[in-house]
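Novice: For the sequence shown, the numbering used here puts the final residue at 429, and the numbers step up evenly by one.
Careful, some of the hints might be misleading.
Unchecked claim - Distance windows between CB atoms, simulated: (1) 123 - 204: 37 to 43 Å; (2) 29 - 66: 28 to 34 Å; (3) 95 - 421: 55 to 61 Å; (4) 257 - 52: 31 to 37 Å; (5) 116 - 364: 48 to 54 Å; (6) 29 - 400: 41 to 47 Å; (7) 160 - 270: 18 to 24 Å; (8) 95 - 53: 38 to 44 Å; (9) 203 - 317: 42 to 48 Å; (10) 203 - 236: 46 to 52 Å; (11) 113 - 368: 16 to 22 Å.
To be verified - Calculated lysine-lysine pairs in the BS3-like style (CA-CA distance at most 27 Å, straight line): (12) 421 - 409; (13) 376 - 421; (14) 38 - 376; (15) 218 - 170; (16) 90 - 218; (17) 198 - 90.
For the record, the hints were derived by calculation from the structure and aren't laboratory data. Keep in mind that this is a model prediction, so the values were computed, not measured. All C-beta atoms in this analysis are idealised placements derived from N, C-alpha and C, irrespective of residue type, glycine included.
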Amino acid sequence: MDKIVSLAKRRGFIFQSSEIYGGFAATWDYGPLGVELKNNVKKLWWNRIVRSRLDVVGMDSAILMHPDVWEASGHVEGFTDPMIDCLTCKSRFREDMMEKPGQCPNCGGKDLTEARMFNLMFKTEAGSVEGSTQDVYLRPETAQGIFVQFKNVMTASRLKLPFGIAQMGKAFRNEITTKSFIFRSREFEQMELEYFVKPGEDEEWFDYWVSERDKWYKQYGIKSEHLHLREHDKDELSHYSKRTIDIEYDFPFGQKELEGIANRTDFDLKAHIEKSGKDLVYFDEQTRDKFVPYCIESSAGVDRTVLTFLCDAYEEDVIDNEERVVLRFHPAVSPVKVAIFPLMRKEPQINMAKDIFDSLKGCFNCMYDQTGSIGKRYRRQDEIGTPYCVTVDFDSIEDKAVTIRNRDKTDQVRIKAAELKSWFDGKFE
1 MDKIVSLAKR
11 RGFIFQSSEI
21 YGGFAATWDY
31 GPLGVELKNN
41 VKKLWWNRIV
51 RSRLDVVGMD
61 SAILMHPDVW
71 EASGHVEGFT
81 DPMIDCLTCK
91 SRFREDMMEK
101 PGQCPNCGGK
111 DLTEARMFNL
121 MFKTEAGSVE
131 GSTQDVYLRP
141 ETAQGIFVQF
151 KNVMTASRLK
161 LPFGIAQMGK
171 AFRNEITTKS
181 FIFRSREFEQ
191 MELEYFVKPG
201 EDEEWFDYWV
211 SERDKWYKQY
221 GIKSEHLHLR
231 EHDKDELSHY
241 SKRTIDIEYD
251 FPFGQKELEG
261 IANRTDFDLK
271 AHIEKSGKDL
281 VYFDEQTRDK
291 FVPYCIESSA
301 GVDRTVLTFL
311 CDAYEEDVID
321 NEERVVLRFH
331 PAVSPVKVAI
341 FPLMRKEPQI
351 NMAKDIFDSL
361 KGCFNCMYDQ
371 TGSIGKRYRR
381 QDEIGTPYCV
391 TVDFDSIEDK
401 AVTIRNRDKT
411 DQVRIKAAEL
421 KSWFDGKFE
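Using the sequences provided together with the hints, build the complete structure.
Specialist: This is the structure:
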């Protein structure tokens, strides 16, 4: 894990937030490569969940919502963790994170406080005049924004059951345990789907979405032996859940949840009907029945997914008797698709290489690099996961051909520069 964190900073994937001021715990900034990787993850999720389907639409709800939303959902009363302080090392942690009862997981000390309930929601105030402000919360999940707009989206999109509403967006949790890099943080992004179905068909759709989400990770390069499906026991189910299965991944710090798929039944819509007094009942035009739909939820963290791709892609090997670090990203995930080099820093080669960059930059994310030996430039690209490098050499000026080097096999092919677009066509899907 230390190697991945170091690489993430060194190569511009992820930085500690406010680092020059000593950092701010459990908050992170994405650098030039990190934001490309993160955007690729979100794009691939959105394309699979929304754009490739007829039964799912998207939305983007507000971060600030009416306080009654969180009363109805149970977050105000029940969104808490038991917190313990170590009086020896001054660390704070959740009670369920203790490996040994009565012993601090940080320093091993036993001088601990009693567990106290700690609300995970960030509270702020709406309004600017003192004495007339209203307590509001930064949303701890994106799902409730979907539930409260269920009727509007259904009506505007003319949707019939079964159908889904998906969104990506920021969520905020005042986490006690803030370790393991970007795995658990106070500010994070979620990718959530709420798929509404008829009661009685919920089990079938639950199994369907567990399978679909498991396939998605494997399609984009996550090794199947590192993924596990773990069903929640009855005593650990959330209050709204009839059934939950977590997709877990073998992180360097242990097998942890990557994504949760839950059968939320009709809990959320009924809760908002009761609290708001508004009609969120579904009318089936064929059967003439009225009922509150059940909901199957797929909830994934963008940041955890980014970390998963980083961990799974990281490898160390030896090429030409030289050790290298390589990120073997799936080409669709890689932040940079193609790097373009002039072999020598001479004007004809530089000009041709820049012309190639200009011709490809509108098709996919490219990088131009002319500093250091060609071997060092290859190693830099291997370390950030670039699938292909294109080199303009001495002969390129005469024969108008370039060399393409493959990241994983390190083999090379030579083609005409004019054929590069067609050669790369379909390789980053």
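Novice: Give a verdict on every hint.
Specialist: Here's how the hints hold up against the structure:
1. 123 - 204: 37 to 43 Å: holds (40 Å)
2. 29 - 66: 28 to 34 Å: holds (31 Å)
3. 95 - 421: 55 to 61 Å: holds (57 Å)
4. 257 - 52: 31 to 37 Å: violated (25 Å)
5. 116 - 364: 48 to 54 Å: holds (51 Å)
6. 29 - 400: 41 to 47 Å: Given a distance of about 42 Å, which is inside 41 to 47 Å, the answer is holds.
7. 160 - 270: 18 to 24 Å: For residue 160 and residue 270 the Cβ distance comes to about 21 Å; the hint holds.
8. 95 - 53: 38 to 44 Å: Since the Cβ atoms of residue 95 and residue 53 sit about 41 Å apart, the hinted range of 38 to 44 Å holds.
9. 203 - 317: 42 to 48 Å: holds (45 Å)
10. 203 - 236: 46 to 52 Å: violated (19 Å)
11. 113 - 368: 16 to 22 Å: Violated, at about 56 Å.
12. 421 - 409: holds (21 Å)
13. 376 - 421: At roughly 26 Å apart (the allowed maximum being 27 Å), residue 421 and residue 376 satisfy the hint.
14. 38 - 376: With a Cα-Cα distance of about 26 Å, the restraint between residue 38 and residue 376 holds, given a limit of 27 Å.
15. 218 - 170: holds (25 Å)
16. 90 - 218: Roughly 41 Å between the alpha carbons, so the hint for residue 90 and residue 218 is violated.
17. 198 - 90: violated (51 Å)
Checked against the numbered hints listed earlier, the structure breaks hints 4, 10, 11, 16 and 17; every other hint is satisfied.
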